[in-house]
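J.: Chain by chain, the residues run as shown.
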Amino acid sequence: MPPKPRMSDRRPIIELRDVEKHYGMGEITVKALRGVTLTVYEGDYISILGPSGCGKSTLLNILGCLDQPTEGDYLLEGENVANLADDDLSQVRGKRLGFIFQSYNLIQQLTVVENIEVPLYYQGISEKESHEIAASLAEQVGLGSRLDHRPAELSGGQQQRVAIARALANDPAVILADEATGNLDSKSGGDILQIFDDLNQRGKTLILITHDEGMADRTSRVIRLKDGLIHYDSMGQAAPSEMNYKSKALSTG
Amino acid sequence: MVRQTNPVLSNATVTSFQKLNSPLQLINPWRVKRSVILGLKSLWLHKLRSLLTAMGIVFGVASVIAMLAIGEGASYEAQLQLKNLGSQNIILTSVKPTNTSTAGEEERSLVIEYGVTYRDLEQIRATVPGVEIAVPGRRIKDFLWNQTRSIDAEVLGTVPWFPEMRNRRMVEGRFFLQIEMEGCDPVCVINEELAAKLFPLSSPIGKEIRLQRNYFKIVGIIETNATGANTEFGSKGMSKADESGAGDSEDADLPMEMMIPLSTLEDRFGEVLFKYRSGSFEAEKVDFHEVTVKIDDGYPVVPAAEAIRHILERNHKEVDYKITVPLELLRRAERTKQIFNIVLGSIAAISLLVGGIGIMNIMLATVTERTREIGIRRALGAKQRDIVLQFLVETILLSGAGGLIGVGLGLGVPVIIEKFANMMTIIQFWAPTLAFSISVLTGVIFGIYPAIRAASMNPVEALRHE
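So the protein lines, in turn, are chains A and B.
Each residue of the first sequence is one higher than the one before, counting from -6 in our numbering.
Each residue of the second sequence is one higher than the one before, counting from 1402 in our numbering.
Quick caveat, the hints were computed from the structure, so don't treat them as lab data.
Where hints are given, some of them may not hold.
[Stated by the list, open to error] Reference listing, derived: stretches of chain B covered by chain A, where coverage requires no fewer than 3 residues with Cβ under 8 angstroms from a Cβ of chain A:
#1 1430 to 1444
#2 1844 to 1855
[To be verified] Here are the simulated EDC-like pairs of lysine to aspartate or glutamate, each with C-alpha atoms no more than 20 angstroms apart in a straight line:
#3 B/1442 / A/107
#4 B/1434 / A/122
#5 B/1442 / A/81
#6 B/1434 / A/120
#7 A/24 / B/1668
#8 B/1442 / A/220
Note that CB positions come from ideal geometry on N, CA and C, so glycine has one too.
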């Protein structure tokens, strides 16, 4: 494992520039994000916090290429993905992003190993090869003996570990976790967080969405969202964002 | 690009990342194979539901096969009849009139006179062009005896060239000859069925059969007319009269026939035929029971039949004759086939339509039920066409499976029809293939919409779906 590079050497993986997201609800337009500018570097271990309704989920959807920004640019590994066609977005998701959800989101009728194989399947990787990769990843998250179990036969913590293995399957540039420990007891949640720590140690870029302060303490960078804007960034980008927020508040107020 | 490489991923993986955007991805056989396996799994998960959903297709496909089998059978039967009766032939049959208007009169007279007469034939020969009175025949229906064995059968007095005219094959021995006809010899030819019944143990050739007081020497055995067409038209009037006496009648399907020279019949039994049946006495005078009129090749058969009908109408007060035109029989059979095709075709079309709608309905429900799964798959890199493929394959599997069951059922139904409805059925090798293809096509048609609906779901909303 190479030593963790210093901040100055690190290359940006995600660059959001003045990203806005509007939702049309009849006459009224709701602005869920009101100009988020954010750079995520390779190897970052970020937690994004904020009260509900602050735009966390919207931000995650945009970061995860599940949704597209109304305004602004999103550069993922240098490529602007803000205006890609649907197929290309699928491609980006399948190849460069890994998702971990609060409710695990495993496919119930598939076994552990088959669930881990799903992203590989959509990348056109051969059955044999993807089986090897999936089995090895299951081994890494400690489920090597349960390859043929169905999700319903596993505990919550185990299911989430399957989800992590699945998120790793395509060797993504960024792993996005949405309240990954939200449904777990503290012991299982701790195990999951331990896996996240290990992954970051190995150089993986992780973005965790949470409202758990304890989880935020473990990450190397904390971002707080409020009313669709970045309210605080422990890496020191809070100031412009704050000013931006104030100026916007003034202009709209 | 300096991406970190997961130690698990080999170089081969990286290269396979590069063939991603191929437009052929949808029809990649490997992908289709995986989709099929996936589809089978999820159908197997809801076995009963899948089975019930496929039912409409099952019946649709079964009726397609049954339709084709019955249609083919009917037209084969008609062609067989045509072959037996001859396509250029018109067959005139005498029919004993049912005593209606002239009842009182008829009962008084001892001899009932009816049927096609010498006069009719003279006129037909004189007026209808290209006509040839080919095979005249008279029939007696009475008991035939071999020692103590007896059987109710038909005796046909006819001419030596009867077999060629009617396409009947000799099984053993020979048909009687011109010289025997001229000499009014007591010789006969019996059909296989009769031979089997009267002479179960030995060959009947050279033996004698007794009819009333006369003995006939058997010279040959002719094949049984399997279609029954001959007797059906030939003996309607008589068999009605004989019903009371024919208590021991054998299989109605297979006629018992004995053929003797026409001259012999006239010589031995005269113009008036007497019958003694269970105490009652009947006499009838019929010139010909059956006449085959052959129309020469150059002349059209149907107008000739029409002309003959006019002549007979003029000569007979009552309709005591029947005109059978094999060509018309064929046409009628074709029409029957058409009606069957329309009826069963409609059943098939409706079944397939309803079945297709049923499948579509269930697939739409499935799509809703599996919204979450669709969201997950989309998040994990599935393109819209991957989702389309997944659901389309599932629908096709469902309808295809229904099609297979339907083919099984459809192959069984004609067997039952043949047994109980006494209709001939023929299953052409291409019929199941066609029916199965229709089922698959139904799957495609009715699967497209649910599949597209599944694929066009917004991934974010799909993931949020409970």
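J.: If a hint holds in the structure, say so; if it doesn't, say that too.
T.: Hint check:
{"no.": "1", "hint": "1430 to 1444", "verdict": "holds (count 5)"}
{"no.": "2", "hint": "1844 to 1855", "verdict": "violated (count 0)"}
{"no.": "3", "hint": "B/1442 / A/107", "verdict": "holds (12 angstroms)"}
{"no.": "4", "hint": "B/1434 / A/122", "verdict": "holds (16 angstroms)"}
{"no.": "5", "hint": "B/1442 / A/81", "verdict": "violated (29 angstroms)"}
{"no.": "6", "hint": "B/1434 / A/120", "verdict": "holds (11 angstroms)"}
{"no.": "7", "hint": "A/24 / B/1668", "verdict": "violated (116 angstroms)"}
{"no.": "8", "hint": "B/1442 / A/220", "verdict": "violated (46 angstroms)"}
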